[in-house]
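There are 4 protein chains.
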Amino acid sequence: MSAKGERSSERRAQILQAAAAVYARQGIDGARMDDIVAEAGLSKGTLYWYFDSKDDITVALVEEVISGEFAQLRQLVDADGTVIERLERFFDMHTAILQSNPLLGKLGIEFYSIAGKLDKVHELVRQYYEEFVAVALALVRQGEERGELRIERPRELAVNLVALVEGSTLLWAIGIQEVDLAQQFRNAIALLFDGLRA
Amino acid sequence: MSAKGERSSERRAQILQAAAAVYARQGIDGARMDDIVAEAGLSKGTLYWYFDSKDDITVALVEEVISGEFAQLRQLVDADGTVIERLERFFDMHTAILQSNPLLGKLGIEFYSIAGKLDKVHELVRQYYEEFVAVALALVRQGEERGELRIERPRELAVNLVALVEGSTLLWAIGIQEVDLAQQFRNAIALLFDGLRA
Amino acid sequence: MSAKGERSSERRAQILQAAAAVYARQGIDGARMDDIVAEAGLSKGTLYWYFDSKDDITVALVEEVISGEFAQLRQLVDADGTVIERLERFFDMHTAILQSNPLLGKLGIEFYSIAGKLDKVHELVRQYYEEFVAVALALVRQGEERGELRIERPRELAVNLVALVEGSTLLWAIGIQEVDLAQQFRNAIALLFDGLRA
Amino acid sequence: MSAKGERSSERRAQILQAAAAVYARQGIDGARMDDIVAEAGLSKGTLYWYFDSKDDITVALVEEVISGEFAQLRQLVDADGTVIERLERFFDMHTAILQSNPLLGKLGIEFYSIAGKLDKVHELVRQYYEEFVAVALALVRQGEERGELRIERPRELAVNLVALVEGSTLLWAIGIQEVDLAQQFRNAIALLFDGLRA
DNA sequence: GATGAATGAGTGTTCATTCAT
DNA sequence: TATGAATGAACACTCATTCAT
Numbered sequence: 056m057s058a059k060g061e062r063s064s065e066r067r068a069q070i071l072q073a074a075a076a077v078y079a080r081q082g083i084d085g086a087r088m089d090d091i092v093a094e095a096g097l098s099k100g101t102l103y104w105y106f107d108s109k110d111d112i113t114v115a116l117v118e119e120v121i122s123g124e125f126a127q128l129r130q131l132v133d134a135d136g137t138v139i140e141r142l143e144r145f146f147d148m149h150t151a152i153l154q155s156n157p158l159l160g161k162l163g164i165e166f167y168s169i170a171g172k173l174d175k176v177h178e179l180v181r182q183y184y185e186e187f188v189a190v191a192l193a194l195v196r197q198g199e200e201r202g203e204l205r206i207e208r209p210r211e212l213a214v215n216l217v218a219l220v221e222g223s224t225l226l227w228a229i230g231i232q233e234v235d236l237a238q239q240f241r242n243a244i245a246l247l248f249d250g251l252r253a
Numbered sequence: 056m057s058a059k060g061e062r063s064s065e066r067r068a069q070i071l072q073a074a075a076a077v078y079a080r081q082g083i084d085g086a087r088m089d090d091i092v093a094e095a096g097l098s099k100g101t102l103y104w105y106f107d108s109k110d111d112i113t114v115a116l117v118e119e120v121i122s123g124e125f126a127q128l129r130q131l132v133d134a135d136g137t138v139i140e141r142l143e144r145f146f147d148m149h150t151a152i153l154q155s156n157p158l159l160g161k162l163g164i165e166f167y168s169i170a171g172k173l174d175k176v177h178e179l180v181r182q183y184y185e186e187f188v189a190v191a192l193a194l195v196r197q198g199e200e201r202g203e204l205r206i207e208r209p210r211e212l213a214v215n216l217v218a219l220v221e222g223s224t225l226l227w228a229i230g231i232q233e234v235d236l237a238q239q240f241r242n243a244i245a246l247l248f249d250g251l252r253a
Numbered sequence: 056m057s058a059k060g061e062r063s064s065e066r067r068a069q070i071l072q073a074a075a076a077v078y079a080r081q082g083i084d085g086a087r088m089d090d091i092v093a094e095a096g097l098s099k100g101t102l103y104w105y106f107d108s109k110d111d112i113t114v115a116l117v118e119e120v121i122s123g124e125f126a127q128l129r130q131l132v133d134a135d136g137t138v139i140e141r142l143e144r145f146f147d148m149h150t151a152i153l154q155s156n157p158l159l160g161k162l163g164i165e166f167y168s169i170a171g172k173l174d175k176v177h178e179l180v181r182q183y184y185e186e187f188v189a190v191a192l193a194l195v196r197q198g199e200e201r202g203e204l205r206i207e208r209p210r211e212l213a214v215n216l217v218a219l220v221e222g223s224t225l226l227w228a229i230g231i232q233e234v235d236l237a238q239q240f241r242n243a244i245a246l247l248f249d250g251l252r253a
Numbered sequence: 056m057s058a059k060g061e062r063s064s065e066r067r068a069q070i071l072q073a074a075a076a077v078y079a080r081q082g083i084d085g086a087r088m089d090d091i092v093a094e095a096g097l098s099k100g101t102l103y104w105y106f107d108s109k110d111d112i113t114v115a116l117v118e119e120v121i122s123g124e125f126a127q128l129r130q131l132v133d134a135d136g137t138v139i140e141r142l143e144r145f146f147d148m149h150t151a152i153l154q155s156n157p158l159l160g161k162l163g164i165e166f167y168s169i170a171g172k173l174d175k176v177h178e179l180v181r182q183y184y185e186e187f188v189a190v191a192l193a194l195v196r197q198g199e200e201r202g203e204l205r206i207e208r209p210r211e212l213a214v215n216l217v218a219l220v221e222g223s224t225l226l227w228a229i230g231i232q233e234v235d236l237a238q239q240f241r242n243a244i245a246l247l248f249d250g251l252r253a
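Residue numbers (the numbering used here), protein chains in the order written: chain A, 56 to 253; chain B, 56 to 253; chain C, 56 to 253; chain D, 56 to 253.
No lab work stands behind these hints: they were computed from the structure.
Please note that a few of the clues may not be correct.
You can't tell identical chains apart in this list, so a pair holds if it fits in one copy or across any two.
[Stated by the list, open to error] Below, computed lysine to any residue pairings styled on SDA-like, alpha-carbon distance capped at 25 Å:
#: 1; residue 1: 99; residue 2: 149
#: 2; residue 1: 175; residue 2: 140
#: 3; residue 1: 99; residue 2: 207
#: 4; residue 1: 175; residue 2: 69
#: 5; residue 1: 109; residue 2: 192
#: 6; residue 1: 172; residue 2: 76
#: 7; residue 1: 175; residue 2: 128
Using the sequences provided together with the hints, build the complete structure.
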C-alpha cells in the first residue's frame, strides 16, 4: 500500500479545491466532511482514501495555498524594473487574484484562526510571513544598492510593508466598504516610498 | 420575568471574562460551554440563566471588547498634543494592552473568523473599523487644519493607518519574531508622516 | 464536576445491566451503544454522563461480575460442612445462577474474547482465576488438615478443579446437549475425590 | 464460472493462514480485511476472488482447524497402547501444538466468541465437541472392554475428560501462570483414572 | 436564582464489499 | 486472475441546550 501522500494528485487537488470552497463558505469548523464530499462529487470513503483526516486536508490546503504564494514572492526579487514598479505589479496581481475569487479573503481568515489550533498550520503561516518579510527586505536593499531608495531602517520598513498588505487585505476581506485594494496599495507605496526616493 | 440583558451585570461580566479566556485559549469552536462554566466557577444552569446561547455570549463578548476600543478611539480625537503625539500615545496604549495579555491577539483572530458565521459579529467588527477609519480621518484632518500636516489623499491615508495597525497586530499575534509592536508603530508613524510634515 | 466513578450508582447499575443483556445477546463487538441505551431506556447522552466509553462500560461490567464471583468464592472457605459438601453446594449455586439466565454463559465467553483486547479485562479475568485456584487450594488443604482427604499434589488438583468447572461451563454454554451441569459437577467431584478420601 | 470452493487451494490456504495470524493477534472483530491482505501479501481484489466475505473466511478457517483436530481425534481410537498411554500421547501432542504457537490459544477463544454470532461456526464447534466426547467415550469403553478400567458412568467421565482438556487449555490461554499444560494433563489423568484402574 | 442530570441531533471516521481496468 | 480505487452504511462519541428540583 503506497503512502497516501503519493496517491493520484488529481484527486487530491479535486478534494482540496472542494475543501477550499466549503471552508471559505462555512468556516473550517462549520464545514462537514459530507459537505466537502458533496462539493467534490465523491464519496466519503474516497475522501478518506486520499486523506487521513479533516486536519490532514486542512494542512494540505494551507500548504498548497502558501506554496503558491511562495512562488509569487520569489519572482518579485528577480523580476525586471525598479523596486517600486515590481511592488506595484505584485500588488496588482495580489489584488486581481483576491478579486477573482471573493472567498479567498475568508479562507485566509480561517487559516489564521486554525493556526491557533493546528501547530502545522501555525508553522506554515509563520514561515510564509518570514518569507514575505525576507523578500520585502531583499527588495528594499536592492533599491538601496541600485541607488533607487535611501532607507534608514530597512527591516522595519519591510515588516511595515507586509503589515500594510495584510492589514489592507484583512479590512477588505471583512467587507469595509471604503477599501479599494488597488487604490489602497498604490497609495501605500506612495506614502512609504515618496519620502525615500533617492 | 425581566429580559436577560437586565440581569446582574457582575455575573454577566464574570461569564464574559471566562468566555474570553477560553475562546482565546481554545478557539471559539473549540470552547465548550462546560469549559466556560468551569473557568467561571459556575454551573451550566446559571450560565444559561444569564445568556441564551453560546452565540449570545460570543456576540456580547465582541460587543464588550469593541465598546472598550470605541472609548479609546474617541479619546484620540479630543486629547491634547499634536496629532502625531496623540497617535504615538494611542499606539503605546494599544501595545501595552496587547502585551499585558498575550491571548488578546488570538481572541481578535477568533473574532475575525466568527464574523464570517455570525452576522451580528460581522456587523460589530465592520462598525469598529468604520469608526477606526473615521477617527483616523478626523485626526488627519485636524493635523491639516492646525497646519501640522499637508496631506493629499486623507481618506486613503486613514485606511492605510488602520491597515498598518491591524496588519502589525496580526503579524505579532501570529508570532512573527521580528515584530516588536512598539518599535513597529513608531516606525510606521515616521514612514507615513515624515514626508507629510508641514 | 465530580468524577464519573462517584455518580449515582443506581444509574450505573442500570446501564451495566442493559450492557450485560446486549453483550450476551449480540456479542460485545456486535453491541451498539444505541442498543444499550435502548435496553436501558435512557438517552445516549445520559449513558456518556456515567461512562466515558464503551470500553469503560465493558471493564466496569467485568469488574462487577467478577467481584460477585469473588464474594461467592470467599464464602466457600469459611462455610460449614466438609470440603466436599461445600464444593457440592458451591457447584449447585453456580449451576443455579447459570441456568437462571442462559445468557450468562455467552457473556462469559465474550469476556474471554475481550480480554485479548482490553488489558484491564485481561487482568481482571486473570485475577479471578488466580483467586479461584487459591480458594480451591485452600479448600483442598483444609480437607487434608481435617483428615477428610489425602492429597499428593494439592496445587495441580486445585487447578484441575477450576479447569473442570470452567471447561464444563464452556461446553454447556456452547450448547453441547449432553452436558447437564448439575450431574456433571457431581460426577466431577466423585471422580476427583473418590480416590482421595481418607 | 466455477464455484469458489474449487479455486486454487494454495491461495486459499495462504489466505486462511494469514487470517489465522491476524485473528489471533487482533481478534476477529479487530481484524480488518486490509490486515489479512497485507499479511498474505495479496491484494484485496484477489482475496475476494477466493472468498465471498469475511464470514466466509472465518467459517473456512474454523473448518480447517477443526478438521485437523478431527484427524487427531480419530487416530486416538485406533492407535496402539493402553487407553491411558494413548491419552497421554494425545495430550502431549495437544500441548506441543499449542506451545509451538502461543497464538493458537487466543484463536480458540475467538472461535468461541464468534460461534455466538455465526451459526455455521457454532455448529462446527458443537460438532467438534460432540466428536471429542464421542471419541473419549469410545476410549473409555475400550478401556473397560479390554479390562484396563472399571467405570460406572462412562458418558459423564467422557464429558469430564473433555472439560478438563478445554478448561486447562483455557486457563493456559488466558495466561494463568501456574498452569503448565503438560503437568496439568498428566495430573488430570492420574486423578481421573487412578481410582478406576482395574 | 442555582444546580447538574438528561437529551438527541450531529460529526468524524472506519471498513466490508464492489467493480472498472 | 489480479489490482486497488471507490463506495456508503454504520458507529462511537460530542456538546449545546433543557428542565425538574
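Here is how each hint holds up against the structure:
no., hint, verdict
1, 99 to 149, "neither (34 Å within a copy, 47 Å between copies)"
2, 175 to 140, "neither (35 Å within a copy, 41 Å between copies)"
3, 99 to 207, "neither (56 Å within a copy, 57 Å between copies)"
4, 175 to 69, "within (22 Å within a copy, 34 Å between copies)"
5, 109 to 192, "neither (36 Å within a copy, 44 Å between copies)"
6, 172 to 76, "both (21 Å within a copy, 15 Å between copies)"
7, 175 to 128, "within (21 Å within a copy, 36 Å between copies)"
Checked against the numbered hints above, the structure breaks hints 1, 2, 3, 5 and satisfies the rest.
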